[in-house]
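Taken in order, these protein sequences are the chains called A and B. For the first sequence, the residue numbers in our numbering are 221 to 316. For the second sequence, the residue numbers in our numbering are -19 to 198.
Derived by calculation from the structure, the hints in this document are not laboratory data. Warning: the hint list may mix true and false statements.
Capping the alpha-carbon separation at 27 Å, the derived lysine-lysine pairs in DSSO-like fashion look like this [to be verified]: (1) A:Lys307 / A:Lys222; (2) B:Lys19 / B:Lys110; (3) A:Lys222 / B:Lys19; (4) A:Lys307 / B:Lys19.
Keep in mind the model is a prediction, meaning the values are calculated, not measured.
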Amino acid sequence: MKWWHWALVVCLVVAAILSPFASPWPDGLERVAERLGFAARAEGPATVSAPIPDYVFPGIASEGLATAIAGLIGALLVFALLYGLGKALAHSDKSA
Amino acid sequence: MHIPDGFLDLQTSVAAGAISAGAVVYASYALRRRVDPEKIPVMGVAGAFVFAAQMINFPVVGGTSGHLVGAALVAILLGPWAAVLVMTAVLVIQCFVFQDGGVLALGANVLNMGLVGVLLGYATYASVGKISRRVSVRYVASFLAAWVAVMAGAFLCSWELIISGTAAPQVVLPAMLGVHALIGVGEGVITVAALALVSRSRPDIWPALEPAEVAQQK
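Taking the hints into account, I'd like the entire structure generated from these sequences.
Written out as structure tokens, the structure reads:
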């Protein structure tokens, strides 16, 4: 296995195994929005509905497992998108 | 620090989107000429790491959490233009697959966390790193770069809220900068830890020692 295979596996493990243990508290911006009273502006239907809203894979009873699967899918999607983009940029170099 | 839809007005969203789109096009153009095939999987891994790390909120203070942004880390590892693409890819997937950050606010989120965090973080790392090529100095530079990148993002985010008429400057600026000064410390710690891991396994990527030094380490 090459270095990046191992590194990707580490990232997938982090995404799947550690994500269910993340702090459920609101983040800095959410907290400020609550305190200053503009948090409600973000309520209402989403502009575009996402397949896995809020990192919880739908239809799975265990929320920890649903989050772990969401993390795994997300990390793989980001890797695939960047790998494809990198290949495309490298290819455009040859044809240029 | 992902802005949801509803916080920004249309003009602010469009203006931020235009700047971010321009930056992504420029970054692609800059890399098109010199993308190292060896670095393509590293870009992918960096993105996967940032995505994973952003899911893991750590408690900061008084019921507030924060998570790594990663802009400075990726800029230090891959250079600013590759980092812009990595951060944008993470934010795009978060937005469209996980509804984290609004679709209309995507340009602003790329501007705050992808572009300004990357450029200011990288500039901080490069200027502090000029003091000495010693690895300890580079770790200090990396910590400062991570903190600056988070603060710059929070500053810009605050101004987007102000321009949109969502919040008043005298309350939102101290609130956002205050909490992100603490989140930025967490960002610095994780950035330094991640760099230490890379330096152990791939010193050719970071701290990119001279070939003789790499040979000595083996």
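Name the hints, by number, that the structure is in violation of. none
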